[in-house]
Amino acid sequence: MASCFCNSCNQTNNLGIFEGIRLTLVCTSCASTALSDEGDPIVCFSKARDLFPTIPPKRVKQLMSTPRHNPHYRNAAPMRMYSVAELRVLQGAVDQECEAKALSLQKKRQTRLERLTRVHGISPAAPLHRALFSHIFGDYLWATHPKQKLKQVKYRFSAHDISARLCPHDPVAAMNYCENRGITAFVYDQLRRDFEYSLFVSTRALRLEGVAISRFLCPSELAELKNGPLSQIPASVERLKKNAPRMLRMALQGSNAEVERMMKYPAMRTRVRRCIEYAHDPETVAAKMAEFWRTKDDRTHRRRVLQDAMDLRGLDIRPDSVYCHDYICGLIDVDLEELVGIQYITRELFDTGGPRFWSEYHHACESAYRRALLENGNTMDQSIKMALRGCASRRRRWS
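Note that the sequence shown covers residues 60 to 458 in the working numbering.
These aren't lab readings, by the way, just hints derived from the structure by calculation.
Quick caveat: nothing in here was measured; it's all calculated off a predicted structure.
Cβ atoms here follow ideal geometry from the backbone N, Cα and C, with glycine treated the same way.
Heads up, some of the hints might be wrong.
With beta-carbon atoms standing in for the labels, derived distance ranges [stated by the list, open to error]:
#1 L209 <-> Q155: 53 to 59 angstroms
#2 I376 <-> A135: 38 to 44 angstroms
#3 R377 <-> T329: 17 to 23 angstroms
#4 R189 <-> I242: 48 to 54 angstroms
#5 D385 <-> K117: 30 to 36 angstroms
#6 R189 <-> T411: 51 to 57 angstroms
#7 A136 <-> H384: 33 to 39 angstroms
Capping the alpha-carbon separation at 25 angstroms, the derived lysine-lysine pairs in BS3-like fashion look like this [stated by the list, open to error]:
#8 K160 <-> K120
#9 K160 <-> K355
#10 K206 <-> K166
#11 K106 <-> K117
From just these sequences and the hints, can you work out the full model?
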């Protein structure tokens, strides 16, 4: 005799066998009444994963099952069938385990924060410079296993005042200067002279590197350099790329947890990668990410915005376009000029040579368009012209 774990059955029953499955969690009466969405008391493994996605696959396979012939594939291995009632009981157990684990982690995190304030005298509520808060604490306040070490938090908290005084416009640079040199004696007059000399050396190196940096600039920016001194070239492109993730996190508005979700959101990976790769302005990128985050679930709004942009080019949203579908559903975060330009190129290729011609050349044309638009900084019209250059000659050769 064993006890039935189903909430609807409070008595001890002989669990027995149901539909060839030796029951271990529920009785036969409970197993016969628990049905899936399709009205079946037993389901295959893949259906069980669909109905109960939070149950780990390993836990599902530990349940008792019975083999059944696969009706879709004649030579396939038999399917393993599981009781829906037992899956529901297992789902409840998994939810309780997850809740207990979350409470345990929350308790550990709270204990760590209380110790930080009580023992080390470091309080997140202290008046800190806005640019230094995330640099000091990092993920120490919210992460279960923070990458930010306590030693770093203690040092950076102690160096807060001197860093904000040394360089009010960029206190993070001043704090990095102190931390990289292991400075513990925060004497302002001595540090000010050394820090200013370090800035002079860095500025001189960047000025001498201006010619090499200019190779990374687009033609329109190179034209502007001819009318101004070389010292006006932006700070090193490589330095901008390295600082891009930190600057982007600072530009995004919201809590640290929400900012991290935005940075790691699958649909935003392309925009974050391009911000780092092409050294885009973090403030502009952050504004676009915030707008996408606000409207990612509003398909009606995103379709209307896309259609308005397409109307300016005399285009319609193609029902077979995966690119348009992903944009409307909030699966990708890209600029409208990139999406509209790709659709314009698609129409031109179809009009020139039909579906086969598009299939042959659309990858090359789209790559050329993105390279001209993103890497070289051209306008959409210029990029389209560059991408479609030689399209007529290709049509003659292809014919």
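Status of each hint after checking the structure:
no. : hint                              : verdict
1   : L209 <-> Q155: 53 to 59 angstroms : violated, 33 angstroms
2   : I376 <-> A135: 38 to 44 angstroms : holds, 40 angstroms
3   : R377 <-> T329: 17 to 23 angstroms : holds, 21 angstroms
4   : R189 <-> I242: 48 to 54 angstroms : violated, 23 angstroms
5   : D385 <-> K117: 30 to 36 angstroms : holds, 33 angstroms
6   : R189 <-> T411: 51 to 57 angstroms : holds, 54 angstroms
7   : A136 <-> H384: 33 to 39 angstroms : holds, 35 angstroms
8   : K160 <-> K120                     : holds, 22 angstroms
9   : K160 <-> K355                     : violated, 31 angstroms
10  : K206 <-> K166                     : holds, 19 angstroms
11  : K106 <-> K117                     : holds, 15 angstroms
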